[in-house]
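J.: Protein sequences, first through last, are from chains C and D.
If you're matching positions, the first sequence starts at 1 in my numbering and goes up one per residue.
If you're matching positions, the second sequence starts at 1001 in my numbering and goes up one per residue.
Just so you know, these hints were derived from the structure itself, not from any lab.
Please read these numbers as outputs of a predicted model, since none were measured by experiment.
Virtual Cβ for every residue (Gly too), placed ideally from N, Cα, C.
Heads up, a few of these hints could be off.
[Unchecked claim] Chain D stretches covered by chain C per the calculated footprint, using a threshold of three residues with CB under 8 Å from any CB of chain C: (1) 1024–1030; (2) 1131–1137.
[Claimed, not checked] Distance windows between CB atoms, simulated: (3) D:Val1095 <-> C:Tyr128: 38 to 48 Å; (4) D:Lys1053 <-> C:Asp246: 32 to 42 Å; (5) D:Asp1039 <-> C:Ile76: 30 to 40 Å.
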Amino acid sequence: MAGDLAIIGYAQSPSWRAAELTEPQFLFPVITEAIERAGIGRREIGFTCAGSCDYLSGQTFSFVMNLEAVGAWPPISESHVEMDGAWALYEAWVRLQHGDIDTALVFGSGKSSPGVPAEIFPLQMDPYTLTPLGVDPVSLAALQARAMLDAGKITEREMAEVVARSRKSAIGNPYAQVTGDADPDALLAEPYFTAPLRRHDLPPISDGASAVVLATAEKAKDVCEHPVWIRGIDHRVEVHQPGMRDLTTSVSTRIAGEKAGVGTAAVDVAELSATFSHQEKILREALGLGDDVDVNPSGGALAANPVMAVGLSRIVEAARQIAEHGKQRAVAHATSGQCLQQNLVAVLEGA
Amino acid sequence: MSDPNQDVVDPDAPVVGMDYFMSLHFEERICPVVRRYADALLEGKLIGHRCPKCALVYAPPRGYCPIDVIETTDADEVQLADRGFVTNYTVVTPVAYYGQEATEPFAKVSVQLDEPGGSLSLQDVLEIGVDDVRVGMRVEAVWVPAAERNVDEIGNRSWGSAEGCILGWRPTGEPDVPAEQISDKVF
Chain C
1 MAGDLAIIGY AQSPSWRAAE LTEPQFLFPV ITEAIERAGI GRREIGFTCA GSCDYLSGQT
61 FSFVMNLEAV GAWPPISESH VEMDGAWALY EAWVRLQHGD IDTALVFGSG KSSPGVPAEI
121 FPLQMDPYTL TPLGVDPVSL AALQARAMLD AGKITEREMA EVVARSRKSA IGNPYAQVTG
181 DADPDALLAE PYFTAPLRRH DLPPISDGAS AVVLATAEKA KDVCEHPVWI RGIDHRVEVH
241 QPGMRDLTTS VSTRIAGEKA GVGTAAVDVA ELSATFSHQE KILREALGLG DDVDVNPSGG
301 ALAANPVMAV GLSRIVEAAR QIAEHGKQRA VAHATSGQCL QQNLVAVLEG A
Chain D
1001 MSDPNQDVVD PDAPVVGMDY FMSLHFEERI CPVVRRYADA LLEGKLIGHR CPKCALVYAP
1061 PRGYCPIDVI ETTDADEVQL ADRGFVTNYT VVTPVAYYGQ EATEPFAKVS VQLDEPGGSL
1121 SLQDVLEIGV DDVRVGMRVE AVWVPAAERN VDEIGNRSWG SAEGCILGWR PTGEPDVPAE
1181 QISDKVF
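Bound conformation, chain C alone:
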């Protein structure tokens, strides 16, 4: 086992409502910046892993074209997950544990703007009982929010407060898409989009990318003055059928958090993939984060939601909090599937 790994480079693109550039075109500077920040040569990278989705792109093998932004000639060792880039990072983390290579490049990218999310996402559901119903993420999230309201676990005001805080936090974030001063009372006065969700409870539709360079401890100490250490990482998945679990809790997040060691010391900051406003409270509870924890200082997924990169961007933002804002211990969370079906938790620390 190679032991603790470090993040030695990272970068993000802005989050666009509809990017003018192609996915490989906007990945290009992101990957270059992450590698330059890491202070290593492109050819030193031992393994590359990407996360993206052909259905979003509307093109088969779209991930092959994304490799054009990496520099894959002469041939490199690479892999791809049809998942958020956070899971690509997990694969790279596992790969580095073998100990025969010392660096890995990870990236996630997606363009949600060309397609219609409400058409595309039902296709990831059970093809017999759910896809034909056209169950889309917003409808399912609305059922989840309703279950929380009915159980007395949240109020619509609390949801509006999450939105207001996220948008305000995003004001200083150059990568965010939805920012601004929003008053919870004004938000609550808006009509429902899919009750009990209002439009602002939904994430924006975004195009974008992010990238991370990982290194073994030895390599990190060699090339990086202040590496950000990954002290723990774990992911868990729950049953696919949303009707077969309690949507008001997230057992998989809780277990992943325990395995990653979230509760073994104080947490300064957390970047959570709470794609819908009510999910932040589920995640805080599952991870045992108190009110003293600064949650989503970037604005989170409500401010920028480049699907397939948004989870990896949480890891980037958490690393940024340590490397650029003097925080010591951060938690990053990524999610996949419907209503927080699958969850990944990483614990990051400074020196």
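Assemble the complex: chain C is given as a structure, and chain D must be docked to it using the hints.
T.: Coordinates of chain D only, in the frame set by chain C:
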């Protein structure tokens, strides 16, 4: 009174298949370099980007060279020849899947363009049968008349396409390019 067994499936009945059609809609903005390429096609010109480092020519331009991993710009734009030779081809025998309109075998060829270079893939061949298509065959573009040209099918995803502006490629009758000269241009 209804038969209580009417909903019980006969375990010996043959499995019945069912069609389930779906459609997805995508609308993508054309990126600036492809826009320029499409505008040039409408004027009857092929353009590409020549990498300032390795001198490889990309048609249509991509805005970068994936070999050297450097970005390319309008400054790297070159006008391309509309003549060249076939480097590779595939004869497609259509099967009757949903949406397939072709019924007879057809060829799609890759064309290596004359100087300054660049290649276009998935091009149609005109005036000859599929059995006469061969590697090394010299061809020239047959342009759609200017007034009838369109770039409706040119998008970020259609790298290599000139659909709507170039009808296809016809043999020029010149001697073939020997295969040993094109072994590094199989695509």
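J.: Hints first: check each against the structure and report whether it holds.
T.: To see whether the hints hold, each was checked on the structure:
| no. | hint | in the structure |
| --- | --- | --- |
| 1 | 1024–1030 | holds (count 6) |
| 2 | 1131–1137 | violated (count 0) |
| 3 | D:Val1095 <-> C:Tyr128: 38 to 48 Å | violated (27 Å) |
| 4 | D:Lys1053 <-> C:Asp246: 32 to 42 Å | violated (57 Å) |
| 5 | D:Asp1039 <-> C:Ile76: 30 to 40 Å | holds (35 Å) |
When held up to the earlier numbered hints, the structure conflicts with 2, 3, 4 and fits the remainder.
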